[in-house]
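Chains as they are written, first to last, in the UniProt record's numbering: chain H, 1 to 445; chain C, 1 to 445.
There's no promise every hint is true.
Put simply, identical chains are the same to the list, so a pair is met inside one copy or across any two.
Stated by the list, open to error - Straight-line alpha carbon distances no greater than 27 Å define the calculated DSSO-like cross-link-like pairs of lysine-lysine that follow: (1) Lys190 x Lys302; (2) Lys305 x Lys331; (3) Lys294 x Lys305; (4) Lys331 x Lys250; (5) Lys173 x Lys298; (6) Lys305 x Lys227; (7) Lys294 x Lys173; (8) Lys298 x Lys227.
Treat the hints as calculated values from the structure; they're not laboratory data.
Residues per chain, in single letters:
Number of protein chains: 2
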Amino acid sequence: MTRQLHFNAFLMSTGHHESSWRLPESDPRANTDIGHFRRLAQIAERGTFDSIFFADSPQLFQDVGRRPAGGLEPIQVLASVAGVTSRIGLIATATTSYNEPFNLARAFASLDHISGGRAGWNVVTTATAEAAQNFNLDTLPNHRDRYDRAAEFLQVAQQLWDSWDDDAILADKDAGAWGDNDKVNTVDHKGRFFGVRGPLNVERSPQGHPLIVQAGSSEDGKDLAAKYAEAVFTAQQTLADAQAFYSDLKSRAKALGRNPDHIMILPGIVPIIGETQAQAQALESELDRLIVPKYALKELAKTLKIDPSELSLDEQLPANLPSEDQIEGAKSRYSLVVSLARRENLTVRELIGRLGGGRGHRTFTGTPVQVADAITEWFDSGAADGFNIMPAVLPSGLEAFVDTVVPILRERGLFRTDYTGSTLREHYGLPRPTNVFDKTLQEVG
Amino acid sequence: MTRQLHFNAFLMSTGHHESSWRLPESDPRANTDIGHFRRLAQIAERGTFDSIFFADSPQLFQDVGRRPAGGLEPIQVLASVAGVTSRIGLIATATTSYNEPFNLARAFASLDHISGGRAGWNVVTTATAEAAQNFNLDTLPNHRDRYDRAAEFLQVAQQLWDSWDDDAILADKDAGAWGDNDKVNTVDHKGRFFGVRGPLNVERSPQGHPLIVQAGSSEDGKDLAAKYAEAVFTAQQTLADAQAFYSDLKSRAKALGRNPDHIMILPGIVPIIGETQAQAQALESELDRLIVPKYALKELAKTLKIDPSELSLDEQLPANLPSEDQIEGAKSRYSLVVSLARRENLTVRELIGRLGGGRGHRTFTGTPVQVADAITEWFDSGAADGFNIMPAVLPSGLEAFVDTVVPILRERGLFRTDYTGSTLREHYGLPRPTNVFDKTLQEVG
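Construct all of the structure, not just a fragment, from the sequences and the given hints.
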């Protein structure tokens with residue numbers, strides 16, 4: 001069979017474009033409406049997507065004037081969505097910097113049970129001082145320490161997920177023996193960041209471990225991804241950059257002894273779809289027209305770690321910006337924004353327009369065939385194993401993709417017409433992890 | 001109208017009796033079956049219960065031989081249950097000792113949004129060294145420190161829940177203003193245990209705050225309950241003890257300036273129901289017969305902080321037990337068990353039988369009328385505002401209560417025939433908290 005595309009639907013309130021909530025069709029209160037998210041998941045499942053995904057951060061991005069801010073805790077949303085879907089994978093962001101491994105390992109194992117093996121965890125380290133200040137700290141821990149903590153966090157979580165052998169439960173009513181104590185193992189981890197005895201307070205879940213997703217593209221982020229990630233969300237503006245990232249990450253994984261097919265690279269794209277190219281462009285223009293520059297300026301200045309007063313809408317970025325080394329926060333996002341502006345000689349106003357759609361992700365604007373062609377080109381030229389689809393407007397942008405682009409890709413033989421597996425791992429072609437504690441098993445990797 | 005009863009259904013896997021999983025009717029894998037819990041919630045809602053409740057602990061109670069152990073994370077379970085119910089309240093335990101206020105405040109606010117105002121939080125401090133060892137500690141923090149942390153945790157959580165004014169969202173599409181920054185407030189808490197800047201990353205929820213439930217009956221526990229709790233779960237073996245507890249707690253709340261009607265006292269009872277008294281007693285005997293003494297002995301020794309070898313099945317408890325002062329863990333449970341054994345001169349075997357049903361809660365065994373009479377007696381004599389119903393076997397014990405006891409209490413005019421409110425607070429007759437940050441409001445407490 002032809003190599004197959006994979007699609008994740010990255011869902012957020014009224015869509016990824018910062019103006020989407022201002023369109024007549026949009027519900028500005030969608031961010032706390034569980035029914036909205038249940039309907040979106042059902043649309044994505046109708047399109048046989050591999051998964052849906054919710055980002056999250058343990059802070060309020062302060063300016064609530066700009067767009068819908070804050071919202072529902074994503075793991076709960078997915079537990080709810082699991083009840084109205086049967087196949088689609090369910091991925092949530094959670095931070096390793098402000099959680100304890102025992103609690104998060106439990107949460108994702110629980111979601112995996114509730115969904116029948118459909119849970120995924122996007123591991124983030126959270127790159128802002130504002131978040132740190134919600135968790136007893138004055139300033140952001142440095143980049144390397146956050147990633148070291150994330151790595152240890154994952155090691156502990158994996159052991160907790162393995163702490164029950166798959167056959168630990170006897171359910172022997174006659175003998176009065178529910179479980180076998182010899183098949184439930186302590187973890188006894190003592191490390192730099194954590195001391196965790198275990199075992200976990202829930203049995204091993206259908207997938208063994210939830211799918212591990214990672215999205216940082218800094219050097220530390222890529223190292224973590226190469227070691228642990230099974231799917232990677234990434235923002236790439238050009239085919240050449242996407243190809244370089246793809247081959248870099250696959251090589252890093254291979255160098256660590258991993259099968260490079262077991263790390264799926266999924267660039268984020270913002271499809272803006274119209275029946276004609278003119279209609280698609282009209283929608284994009286309307287969305288860009290609705291951007292309020294004062295909010296966008298503040299946000300851009302924050303990414304660049306400069307004062308908003310240093311930016312002028314109709315001039316290019318200042319020449320003397322900090323270097324990526326000096327950024328302790330979201331390094332890869334910083335570099336992406338600066339290089340986009342420099343490469344295309346954009347004014348600040350133009351840059352804001354480009355970022356408004358997908359916050360640095362590539363926008364594909366056009367007819368269904370044009371969008372399908374762009375996807376096919378990236379997929380066929382070593383830039384992607386699939387895509388993180390980020391509709392500019394929700395639900396209409398997801399519906400347009402499912403109803404007009406997906407059929408074209410199915411016809412080309414590049415995308416499934418129905419689910420063949422039942423777990424998230426099966427959709428992405430990833431193995432169920434062996435249990436490190438199970439004495440009866442050999443590593444089969 | 002006659003003063004009305006309130007009922008909470010305390011749900012756990014196959015029921016509260018430790019042998020319930022061994023009955024032919026029981027599914028020993030129910031503890032990870034979300035469908036089981038969704039069905040139970042629907043039964044309780046059919047019975048117009050005020051709420052359902054799930055206990056939890058961030059550790060595995062080690063002996064998995066004894067009964068179904070571990071299970072799904074309760075907040076996720078409730079998020080799922082919310083989708084198949086519309087009125088019943090949804091209460092989950094979460095510990096203040098091993099969580100961060102920002103994360104838990106977000107979780108319960110989120111559940112309150114998802115359920116349309118039906119969330120409640122049973123605040124616990126977690127009384128075991130095993131749990132501490134899952135969170136970077138070697139030993140259990142002392143009782144007073146845990147309760148001090150719980151109080152500060154609640155203060156922070158309440159401020160986070162209030163950090164958005166109720167009218168903070170403008171949703172003004174024309175002006176391009178989603179929220180009003182002046183109505184979203186930082187918390188800037190700096191205390192002994194926590195430093196939390198805020199605001200919360202979700203808007204104020206339908207109930208303002210989730211319902212606060214508390215269950216510790218030690219002195220520290222009662223003080224915390226008197227100050228913060230709006231419903232109290234308690235284990236009382238005799239009417240006299242229940243009356244004393246009821247009037248003590250109402251007085252403590254009153255002394256703190258609270259309306260004593262705004263703290264609901266809900267003793268836990270294990271109803272074992274049969275068409276005839278003989279049938280009810282036969283069910284109870286069958287359950288007790290299925291108890292495996294070796295597990296129960298270990299558990300009892302743990303509660304008493306002694307070695308299992310110090311217990312003999314056919315003798316009474318040893319005379320030289322520690323005093324409650326020496327217990328750093330679950331003080332009130334310790335005292336309840338010891339006083340039950342001493343008061344009734346029980347052998348260890350008899351004590352195990354009595355504890356097997358409801359872990360120290362009162363068992364009411366009999367016909368529907370007898371159970372309804374017992375409930376009415378406690379309710380009418382200053383011992384309870386309602387009851388925490390702990391079916392020995394699930395789902396059958398809950399079904400029996402809803403289908404045979406509830407109709408009698410409705411006929412007596414003591415219990416609602418249909419919901420009159422839509423939020424959990426409305427079911428219990430509790431006010432929606434005013435927002436401490438909202439400058440346009442006066443305290444109406």
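Evaluated hints:
With identical chains, the CA atoms of Lys190 and Lys302 are at most 27 Å apart between copies only, with a shortest distance of 26 Å across copies and 38 Å within one. In this homomeric assembly, Lys305 and Lys331 come within 27 Å of each other (Cα to Cα) only inside a single copy, at 11 Å, whereas the closest approach across copies is 53 Å. Taking the shortest alpha-carbon separations for Lys294 and Lys305, only the intra-copy value of 16 Å comes in at or below 27 Å, while the best inter-copy value is 64 Å. For the identical chains of this complex, Lys331 and Lys250 are intra-copy neighbours only, at 21 Å inside a copy versus 56 Å across copies, given an alpha-carbon limit of 27 Å.
In this assembly of identical chains, Lys173 and Lys298 lie within 27 Å of each other by CA distance solely across copies; the values are 20 Å between and 64 Å within a copy. For the homomeric pair Lys305 and Lys227, neither the shortest alpha-carbon distance inside one copy (30 Å) nor that between copies (45 Å) is at most 27 Å. For a Cα distance limit of 27 Å, the shortest separation of Lys294 from Lys173 across copies, 16 Å, qualifies, whereas the shortest one inside one copy, 67 Å, does not. For the identical chains of this complex, Lys298 and Lys227 are neighbours neither inside a copy (36 Å) nor across copies (43 Å), given an alpha-carbon limit of 27 Å.
The earlier numbered hints that this structure contradicts are 6, 8.
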